[in-house]
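**Student:** Take a look at the letters that make up each chain.
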Amino acid sequence: MSAFSTDTLATSAQTAESPALIRERKDRRRALGLLTPGLIWMALFMVLPMVMVVYVSFWTQTTFAVNSELTTASWERFLSSPTYLSAIWTTLRIWLIVLVLTILVGYPVALFIGLFVRNKTIQTALLVACVIPFWTSFLIRVIAWRPMLGTEGAINTILLKLGVISEPLTFLLFSEFSVLVGMTQIYCVFMVGPITFMLGRIDISVIEAARDLGASFGTVFRRIILPLSLPGVMVGSIFVSVMVLGEFATAASLSGRKVNLLGNIIVSQVGSLKWAFAAVAGVVLTIIITAVIALALRLVDLRKEM
Amino acid sequence: MQSGILRPALATYTALFLLFLYGPMIVLAILSFQSIDGGPQFPIRDWSTYWYQHLLGLAESSRVSQLPVGESLVRSMMLAFMTTVVSTILGVMSAEAFRTKFKGSGPAFYLIILGMMVPGVLVGLGMALLSNTLGIGRAWWSTSFVLHVVYTYPFAFLIMLAIFNRFDRTVEEASLSLGVTPAQTFRRVTFPIIFPGVLSAMLFSFTLSYDEFARTLFTAGRDLTLPLSIYGTFSVEIYPNLFAFGVLTTLFSFTLLVIYGLLMKRFTAKASRFSGQEDAA
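Line by line, the protein sequences give chains Z and D.
Under the working numbering, the first sequence has 136 at position 135, and the numbering climbs by one with no breaks.
Under the working numbering, the second sequence has 1422 at position 121, and the numbering climbs by one with no breaks.
Read the hints as simulated data drawn from the structure, not as lab findings.
Here are the simulated DSS-like cross-link-like pairs (lysine-lysine), alpha carbons at most 27 Å apart as the crow flies:
#1 D:K1566 / Z:K121
#2 Z:K27 / D:K1402
#3 Z:K27 / D:K1404
When you get a sec, could you build the whole thing from the sequences and use the hints?
**Tutor:** Now the structure itself:
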């Protein structure tokens, strides 16, 4: 021990470095050592595959295979095909509608749980109640909408019994409507969570002060609650956006092939071994998602909010 | 906060929202008790547990083929287990690294977080292309497994980061400077503090991987995992046996959740007993 410390002293005297500095460098080396396996994993199994998608999108597609001769043929075909272009449009439209729906549906719930329920136990219980459906398989939750919305489903049965309608509503299932309802239900919780978290952090005395000074609830909401909850809305929007943009399963099982998202295009192209076309659709999807995340990150610092 | 009508209105709205969340699953659960000649819709002809027997292979003869879930269930469990172990270890290591300030921590943070952001269908496609090009066979335990870790490791990392943020480093240093060996310090000081986080990270990793579908679709090769088997039944006509299966998997997930809750409770009870002793002394 003593030999070690004199040794360190000697070296530090030689190079005129303080022990604190040496320790700092040692800590940094240890941190990098701990981080390296994770970063290598991400580089090999996330970054490299994504690079591969971009690369293959310029390969030559033959009937049943691709070869690595570079060409822009797949891109030209993709960008001149009305089917593929309409898939881009559908993806953007569904994304925007679902995003707005999750905010509209989720915000009042978050407002109630985060601000109006001040009992911690009830608050936690309500949040847990929102999260519990997540412990059901995603695909089962999607398919559960079929007996709900179908022509002989629960909603039609109830409405018929009540005499509200005389014939079953057919637009409920296998339409864009069912995709929107399904996605809103599945992804809404990712909006409720972050907003509730932000609202829960609001100091209640700030609101009380405003009310004492004569502000109406509308004013309090507009001037205090809404601005303070916006980071939550942004974080929720990022979650919902990346999940909805990469979706294909909900559309595949609830739309009856009427809704084709970019994800569905990728799946069907891979199914028919058109790897280059699938890669082009993948790159387009990547560009859209990157743009959306970049925009959102300009508005909110994710690292600070978590 | 008092504001007259608003509070009851929001409470009613929240109740309706919960109905919206649970409605489909409730309907699904009711229809899983459909009789043998009933379809996957109303009305319920007769209450029976026929479709549960059918699912478990106990029904004698049937016009409907059995759901191919047996082997894929085992595969999914093993995959989820492997993913849990690796992503929890990686998550703890990376979060520990982030306790030290170092250059490039921002990009490193975002590189890890990207794993939970990138759509599964994209990395799945990329991994399929990569394995095709390199001539590596695709299988659930290789190509799917690495993608599952890419997805769950960021969750484990974030959970551990939250734990370490609240964990004062001087506690460890005090132990070390009192002459306790690093191994003992880890066992007696570090581990008890980070254990709830590790347990949560494991729960997240397991359930996310067990249910993961998009990342597995292109990378699993010939042997299917559970979500893939389920997805396969979507394209053909669905029968109430799928609903019975939905009810059973939900019960299984709840069992996991209860085990997690019990472990957590037992652990916190032990911790509070420990601090109680200190108070007495």
